[in-house]
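Asks: Next come the chains, spelled out residue by residue.
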Amino acid sequence: MAKHVVAPACELPPGARKRVTVGGRSIAVFNIGGELFALLDRCPHKGGSLCEGKLTGLVQSPEPGVYRYSRAGEILRCPWHGWEFDVRTGKSRCDPRRVRAKSYPVTVEQGSELSEGPYEVETFTASVEQDYVVVSL
Amino acid sequence: MKPPRIGAIDCDIHPALPALSSLLPYLSDHWREMALQSGLHELETVNYPPGAPLTARQDWRPAQGKAASALAQVTAQALDPWDTSLAICNCLYGVQALFSEDLAAGIARALNSWIAREWLDLEPRLRASIVIPMQSPELAVDEIEFWASDKRFVQVLMLVTGDAPLGRRQYWPIYAAAARHGLPVGIHAGSSFRYPMTPVGWTSYYAEDYVNQSQAFQTQLTSLICEGAFSKYPELRVVLLESGFTWLPAHVWHLSKFWRGLRMEVPWVDRPPFEIVRDQVRLTLQPVDAPPRREVLERVLEHMGSDKLLLYSTDYPHWQFDGEDALPDGLSDALVRKILIDNPREAYPRVMETVQ
Numbered sequence: 000m001a002k003h004v005v006a007p008a009c010e011l012p013p014g015a016r017k018r019v020t021v022g023g024r025s026i027a028v029f030n031i032g033g034e035l036f037a038l039l040d041r042c043p044h045k046g047g048s049l050c051e052g053k054l055t056g057l058v059q060s061p062e063p064g065v066y067r068y069s070r071a072g073e074i075l076r077c078p079w080h081g082w083e084f085d086v087r088t089g090k091s092r093c094d095p096r097r098v099r100a101k102s103y104p105v106t107v108e109q110g111s112e113l114s115e116g117p118y119e120v121e122t123f124t125a126s127v128e129q130d131y132v133v134v135s136l
Numbered sequence: 000m001k002p003p004r005i006g007a008i009d010c011d012i013h014p015a016l017p018a019l020s021s022l023l024p025y026l027s028d029h030w031r032e033m034a035l036q037s038g039l040h041e042l043e044t045v046n047y048p049p050g051a052p053l054t055a056r057q058d059w060r061p062a063q064g065k066a067a068s069a070l071a072q073v074t075a076q077a078l079d080p081w082d083t084s085l086a087i088c089n090c091l092y093g094v095q096a097l098f099s100e101d102l103a104a105g106i107a108r109a110l111n112s113w114i115a116r117e118w119l120d121l122e123p124r125l126r127a128s129i130v131i132p133m134q135s136p137e138l139a140v141d142e143i144e145f146w147a148s149d150k151r152f153v154q155v156l157m158l159v160t161g162d163a164p165l166g167r168r169q170y171w172p173i174y175a176a177a178a179r180h181g182l183p184v185g186i187h188a189g190s191s192f193r194y195p196m197t198p199v200g201w202t203s204y205y206a207e208d209y210v211n212q213s214q215a216f217q218t219q220l221t222s223l224i225c226e227g228a229f230s231k232y233p234e235l236r237v238v239l240l241e242s243g244f245t246w247l248p249a250h251v252w253h254l255s256k257f258w259r260g261l262r263m264e265v266p267w268v269d270r271p272p273f274e275i276v277r278d279q280v281r282l283t284l285q286p287v288d289a290p291p292r293r294e295v296l297e298r299v300l301e302h303m304g305s306d307k308l309l310l311y312s313t314d315y316p317h318w319q320f321d322g323e324d325a326l327p328d329g330l331s332d333a334l335v336r337k338i339l340i341d342n343p344r345e346a347y348p349r350v351m352e353t354v355q
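As you go down the protein sequences, you meet chains A and B in turn.
Position 10 (the first sequence) corresponds to 9 in numbering that gives the first Met the number 0; numbering is contiguous.
Position 80 (the second sequence) corresponds to 79 in numbering that gives the first Met the number 0; numbering is contiguous.
Think of the hints as simulated: they come from the structure by calculation, not from any bench.
Treat the hints loosely; a few may be bogus.
[Claimed, not checked] Far from chain B, by Cβ distances over 12 Å, these chain A residues were calculated:
1. Pro-7
2. Thr-20
3. Leu-35
4. Glu-83
5. Ser-102
6. Glu-108
[Claimed, not checked] Once the Cα atoms are required to be at most 35 Å apart in a straight line, the calculated DSBU-like pairs of lysine-lysine come out as:
7. B:Lys-256 with A:Lys-53
8. A:Lys-45 with B:Lys-150
9. A:Lys-90 with B:Lys-231
10. B:Lys-1 with A:Lys-53
11. A:Lys-101 with A:Lys-17
12. A:Lys-45 with A:Lys-101
13. A:Lys-90 with B:Lys-256
[As the list claims (entries may be wrong)] Beta-carbon label-pair distances, calculated as ranges:
14. A:Arg-67 with B:Asp-306: 19 to 25 Å
15. B:Trp-252 with A:Arg-67: 48 to 54 Å
16. A:Lys-53 with B:Leu-53: 50 to 56 Å
17. A:Trp-79 with B:Glu-297: 51 to 57 Å
18. B:Phe-257 with A:Arg-67: 21 to 27 Å
19. B:Ser-99 with A:Lys-45: 49 to 55 Å
20. B:Arg-168 with A:Arg-70: 45 to 51 Å
21. A:Pro-95 with B:Ala-18: 55 to 61 Å
22. A:Lys-45 with B:Asp-288: 28 to 34 Å
A quick note: this is a predicted structure, and the numbers were derived from the prediction, not measured.
For glycine and all other residues, C-beta sits at the position ideal for the given N, C-alpha and C.
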């Protein structure tokens with residue numbers, strides 16, 4: 000699994016999202032409350048850009064008329080048809096076993112470490128002083 | 000084609016009340032007196048106008064009186080020709096159209112009593128649905144509770160067009176009672192005439208009304224799913240009676256498509272509508288609303304996604320087929336057995352309980 004440096008960490012503060020290209024693939028990277036998530040920027044339904052989707056929470060119900068809202072901001076709705084995806088797993092809510100958005104491990108690494116590892120920086124020059132967002136695929 | 004004589008269970012036949020006067024012995028003193036004093040008229044609605052060809056097949060119309068209004072007619076015309084082992088009586092009398100809840104409850108009690116005494120007591124092959132006053136869920140539950148211990152009543156009967164969408168919580172006490180007693184809720188074609196049969200206004204012709212019933216069935220099925228009745232009562236079973244069935248795959252597919260994008264609006268619908276239908280909904284066979292070509296029917300059945308959904312029915316005395324060809328062509332032997340016997344037994348837990 001190759002690691003790809005996709006952006007300086009300062010470009011993805013909490014609440015931000017960014018579409019990056021890695022190995023010819025568009026990937027949507029989200030910073031949700033300081034945690035990073037990366038999904039292939041292509042809804043498995045019809046191909047809508049997940050990077051353009053709305054983040055919402057998880058609505059569950061033990062019985063009709065009772066709404067349980069949790070995990071605010073961790074459910075991504077595709078902008079085209081509203082299908083929901085769990086940003087942590089990529090699984091859809093409507094058919095979690097069969098329909099899922101491809102998700103990738105994503106971390107923040109210090110620039111000083113990048114020169115030593117098997118990192119690939121495609122679109123910009125990394126400097127040792129900064130932190131970087133790294134996607135593995 | 001003619002059904003094989005293997006003891007079919009006919010899930011929809013319609014014994015007819017000869018006249019309101021037939022109920023007099025079964026009405027309470029008060030309602031008997033009120034019916035006589037006020038000159039209460041026959042509760043025949045235009046759901047099945049007496050002269051309409053659909054209402055009774057020509058060869059099933061007696062010289063005098065209504066078709067299917069005497070036990071001897073029904074046994075000779077609806078049971079014996081096919082060696083039917085059991086048949087479920089769904090009595091269509093205009094109880095549901097009354098505006099007085101109390102009168103509706105009074106008539107429903109008398110009608111169910113009439114069915115019990117003059118049909119079920121006399122013919123062991125008959126079962127029946129409990130007619131309820133849909134106008135009042137509270138009184139409807141009373142009626143269910145009154146008859147629940149009589150296992151010859153195998154279903155609760157509602158009409159497809161009443162006062163409100165059937166998924167609404169106002170109706171849930173009915174579903175709770177039905178589920179508690181192992182009684183599927185049968186929703187039959189017909190209206191209480193609070194609303195037109197269409198969502199766009201009143202129509203002019205019977206053909207319009209009858210064909211548009213399928214829209215009402217679609218609406219009620221959608222309501223029951225979206226409002227969460229099936230989720231609230233996992234034991235609830237609903238049988239759509241005289242509904243047609245070819246609309247089902249397209250409609251449920253359409254609903255499932257929108258559920259996928261709007262699931263959070265109805266989070267209690269925690270599985271695709273197709274699965275709910277497969278587990279909790281059944282439909283009777285007649286009228287077969289498909290072209291009479293084997294390959295077309297096979298395609299529709301394939302799209303329905305389960306061979307458990309269809310329940311055999313003749314819809315006697317309604318004119319849905321000629322002669323003894325109560326089954327469409329193109330069904331495999333295995334599927335015929337399921338439709339005739341296995342599916343009805345599974346759908347109606349009580350239907351075999353009182354077999355002697």
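Asks: Evaluate each hint against the coordinates.
Replies: Now the hints, each set against the structure:
| no. | hint | verdict |
| --- | --- | --- |
| 1 | Pro-7 | holds, 35 Å |
| 2 | Thr-20 | holds, 28 Å |
| 3 | Leu-35 | holds, 25 Å |
| 4 | Glu-83 | violated, 7 Å |
| 5 | Ser-102 | holds, 19 Å |
| 6 | Glu-108 | holds, 36 Å |
| 7 | B:Lys-256 with A:Lys-53 | holds, 20 Å |
| 8 | A:Lys-45 with B:Lys-150 | violated, 52 Å |
| 9 | A:Lys-90 with B:Lys-231 | holds, 26 Å |
| 10 | B:Lys-1 with A:Lys-53 | violated, 58 Å |
| 11 | A:Lys-101 with A:Lys-17 | holds, 16 Å |
| 12 | A:Lys-45 with A:Lys-101 | holds, 14 Å |
| 13 | A:Lys-90 with B:Lys-256 | holds, 17 Å |
| 14 | A:Arg-67 with B:Asp-306: 19 to 25 Å | violated, 37 Å |
| 15 | B:Trp-252 with A:Arg-67: 48 to 54 Å | violated, 29 Å |
| 16 | A:Lys-53 with B:Leu-53: 50 to 56 Å | holds, 51 Å |
| 17 | A:Trp-79 with B:Glu-297: 51 to 57 Å | violated, 35 Å |
| 18 | B:Phe-257 with A:Arg-67: 21 to 27 Å | holds, 22 Å |
| 19 | B:Ser-99 with A:Lys-45: 49 to 55 Å | holds, 54 Å |
| 20 | B:Arg-168 with A:Arg-70: 45 to 51 Å | violated, 28 Å |
| 21 | A:Pro-95 with B:Ala-18: 55 to 61 Å | holds, 59 Å |
| 22 | A:Lys-45 with B:Asp-288: 28 to 34 Å | holds, 32 Å |
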